[in-house]
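Here is what each chain is made of, one letter per residue.
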Amino acid sequence: MTPRWKFWVIGGLAVAVAAAAIYFPMLRRRVKRAARIQQQSEEQARRELIQPVPINPSDPRVKAKLFWGSETDDSTLVPAVVELPLSNDAVLRSKQVLNTLLAGPVDTELRTLPPDAVLLAFYLLPDGTAVADFSEALATSIPSGIVSEQLAVNSIARTLEANVPQVQRLKILIHGQEVETLAGHLDLTGSFMVNTKLALPMANPAPMAPGTSRAAPPAGPLTPDKDPGKLAQPERKPQNSWTHERSLQEEE
Amino acid sequence: MLLDVGNIVHFRNLPSFALVIMLMIGAAVVFPSHDSTHAQQPPSSSPSQTNPSATSPQGGAAGSAASAFGARLQSSGLNIVVLDPAHGGTDPGARGTGGIRESEIVLDFAIQVRRALELQGFQVVQTRQGNENPSFDDRSALANAQRGAVFVTLHISSTGLPGTVRVYVNSDLPPVTDSNGLIPWDRAQAPFLGLSRKLGDLVQGLLAQRFKGSPENAQTAAVRQLRTTAAPAIAVEISSVTVNDRADLDRMAQGVGEAIAGGAAAFKPSYVVPSVAGALP
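The listed protein sequences derive, respectively, from chains A and S.
128 is the number of the first residue of the first sequence in the numbering used here; add one for each residue after it.
905 is the number of the first residue of the second sequence in the numbering used here; add one for each residue after it.
The set of hints was computed from the structure by calculation and includes no laboratory data.
Errors might be hidden in some of the hints.
Under 8 Å between C-beta atoms, here's a sample of chain A residues computed to sit facing chain S [as the list claims (entries may be wrong)]:
| id | residue |
| --- | --- |
| 1 | 214 |
| 2 | 268 |
| 3 | 273 |
| 4 | 307 |
Glycine is no exception: its CB is placed at the ideal position from the N, C-alpha and C atoms.
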């Protein structure tokens, strides 16, 4: 009786091992597939969540002006005219044009923003300041450098200026936070001038007129524009009350 | 075990001990020791002798107060160039093919630029000597503690036409309107924008002659490093880390150095630092 019992136990174990050897690879494949599907659905859900800006076919189709890189000079921007159905609402319209800007031109070499960057949120304050909140990829995937970072910010500012006249200034956040620089160079602690014509009459902040920015310095010995006075101690957090005059190298 | 002080200093030897101490003090007065900041001093041929404040640069805004004495002696104008090799430490800056790192290349460029500036008689103070990464404010503070200095930050870009160089000055900032007469630290560049443009155009003009395809005039950009610098300040960005051979970049170093030094020398006569008591940048 005992040998027969042993035979069945060993036989059962052998069958179990064989079954496991066949089943485990299948299980592994299934888990991987499930993870991939979950990842895709998360990505899809994220995109659906952060891009609640459906292109409404009933919106009037207008010729939007989007600013991407130049074929001849990679330090300049050129406008591209794209026909899009754009909402009349300033916030929706801003999201629509910025998402199209992020999607990039046909020639991917002319992109100004990283392909994996996403517009997380967009607000328009009553004073005309637009707050655009981008995903971290905008800061981490952009080529580091003054030229490339300035091109990225200018492409956003110019695109908003050309398509959403209500936007006067632009403040860029990264994942909901204010950051010191975009990728080590360009200052993001202040805001950028977008629509100079509308913003100029405002008393505070008081950005310089664009015409005066490149005025030739007076002849003769030069001194600081104003007696410098003493320098105040640095603060832990900089005040965000200034507006950078946007400088453009643009081919129209 | 207790230490028996009496075994170390015998009272009967006190006069000779005091004599030795006095001799040591006398020697210290006659031959002052050199501290670590002397690593940043120029050769004796430079005009540093007239500017004691600049020979001991200190980080932080408090350094400006310490330089009051030097400021009085240095009302003639520009003597010092604060040279800033950007990035460093955990921040490599732009990274190119073949492991090229912006933080390393700018440090090599700084050697050439420094040499060219010293040949023009400038004293050079570097914001970093090795692979460390001072904050933006610390780098600015080094310039803000000087008087009659200009600030040059060196960068290598990720993009742009290889072999070209661009000079940037800070984009316009709102005028300083502090009723206390203090310049807000976060807009310290505001009163110097005109001077920065003048310096930037001079350097860019020389760079355009040496490196074809470079712009003729300085560009403006919201460069974070420049905003808190209370001195004529420019950013020089060389294109780019995407070169196939690092030697292509290295070959540019001498020309970049000579252009910066030539621009600073041309700028020097027109830069008159006001010698108003208490008006310290």
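Could you check the structure against the hints above and give me the numbers of any it violates, in ascending order? 1 and 2
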